[in-house]
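**Q** I would like the entire structure built from these sequences, with the hints used as guidance.
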Amino acid sequence: GQSGTPGRLWLDDGHRTSINAKLSSGSIELFGMTSFDGDDSDPQAEMDAYLETGVYPSADEFIPDYTQWIDLALSYNTDTAIFLGWHWTTNNNLFSAANFTAMNEFLCNFFYTSVVLELRQLYPDTQVLYICYGPVASKMRQMYEDNNLPDITNMIGTAPTSLFTDDLGHAGDMLKDMMGIIWLQIIYDPPPFLLQTYTNRITPWNKNNVRDITTEVLAFNEGYNLKELAPPTNAPTTMQPSQQPTITVSSSPSMVPSYTPTVTAPFSGGICFPSESLVQVLRTEKRGQKITIIPMEQLHIDDFVLTATKDSSSYERVYSFGHYNPNLPKVEYIQFLPSGLEISANHYLYRMKKESGKFVPASEIEVGDDLIVDARREKVT
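Mind the numbering: the sequence shown is residues 683 to 1063 in our numbering, read in order.
A few of these clues could be false.
Derived Cβ-Cβ restraints for the label pairs, each shown as a range [said to hold, decoys possible]: (1) 776 / 977: 44 to 50 Å; (2) 966 / 714: 40 to 46 Å; (3) 1021 / 714: 36 to 42 Å; (4) 827 / 1042: 40 to 46 Å.
Below, computed lysine-lysine pairings styled on DSS-like, alpha-carbon distance capped at 30 Å [what the hints assert, rightly or not]: (5) 858 / 972; (6) 889 / 1040; (7) 704 / 889; (8) 858 / 889; (9) 1061 / 1035; (10) 1040 / 1061.
Don't read these hints as lab results, they were simulated from the structure.
Every residue, glycine too, gets a C-beta built ideally from N, C-alpha and C.
**A** Pasting the structure below:
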């Protein structure tokens, strides 16, 4: 709530002392903060003004709320990364589902433009992650109103079966779980198969709903944390042609940001394969099933892609695109020979050691290692 905003926490002696004690250990790797205290603002008027002018309101008065905490954190550990999160608008019962979505998108992009980018300029050597999780609530509310959220029986009610627990908009259990997935995926950037495994085997919620929600919200956040990969060591690379990002103003909000900003952050990850990488897919056509080889940029949700382990191969369904972004200005990949496989440094590959193996980042693969490529064992040269 408002008492947990950066400005109010700083003014609270008890909370400031407690947080300072944790930071002073020098071991804090990630320090997170939420939105600022905007009690006096009128989001509807601000959104209307933005749609008319294309200019976001200023947030300069709130920047010190963040810089004082960042300065404190970095004074103890210069490698501490910063995480900023933006929620959904409160009292959502006052909005229609469409207006709730539009307002959340506006606030997400406003905070990114007026606060996150400003802090990245002030701290160019510090990783500043941004997650706007408000669209989780937008997506789920629209699904609920469309009768497409079977695990949720009430808009407001008890946590296990309701989207919200009160009129203010505190989250029910499913909404919390979906936010948790988004946070974990963006902050830690795990291999995509982990999200698929969680969805298929662990989540108690409707699996199709989980895939729809996470896919759409991760796509919404994709442009906020673009990364340029550091060149991998001791491995040849290929580089994608540069593309100039564009910024446009949209008068009709959607679930995807209306721009693709370029942000250089001091960490790698987030990209897996170049768009021209080839995959073998199994598709059902009028005359039956057909196996074909296509570039990854032509893949679609629900395609079946050939996957393999050291013992077997099978076609697996595409449930989501964890890092789909066709507008990156520069990406560097590791290329392995003799297969010609190109992949990002942090993507996991199955490396064989004698008769056993394990998944490791591509950057750890060395000449002489055995990989499983095209359903066969191949030595890297």
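**Q** A separate judgement is required for each hint: does it hold in the structure or not?
**A** Quick rundown of the hints versus the structure:
The hint said 44 to 50 Å for the Cβ distance between residue 776 and residue 977, and at roughly 47 Å that hint holds. Distance hint for residue 966 and residue 714: a CB-CB separation of about 45 Å, consistent with the stated range 40 to 46 Å. Checked against the given bound of 36 to 42 Å, the beta carbons of residue 1021 and residue 714, roughly 40 Å apart, stay inside it. Between residue 827 and residue 1042 the beta carbons are some 45 Å apart, a value that agrees with the proposed interval 40 to 46 Å.
Between residue 858 and residue 972 the CA atoms are separated by roughly 41 Å; this puts the pair beyond 30 Å, and the hint is violated. At most 30 Å may separate the alpha-carbon atoms for a hinted pair to count; residue 889 and residue 1040 meet this at roughly 27 Å. Among the hinted pairs, residue 704 with residue 889 is inconsistent with the structure: their alpha-carbon atoms are about 38 Å apart, more than 30 Å. Among the hinted pairs, residue 858 with residue 889 is consistent with the structure: their alpha-carbon atoms are about 16 Å apart, no more than 30 Å.
As the CA atoms of residue 1061 and residue 1035 are separated by approximately 11 Å, the hinted pair is consistent with the 30 Å bound. Taken as a hint, the residue 1040 and residue 1061 pair is honoured in the structure, with Cα atoms around 15 Å apart against an allowance of 30 Å.
Hint compliance for this structure: hints 5 and 7 are not met, and every other hint is.
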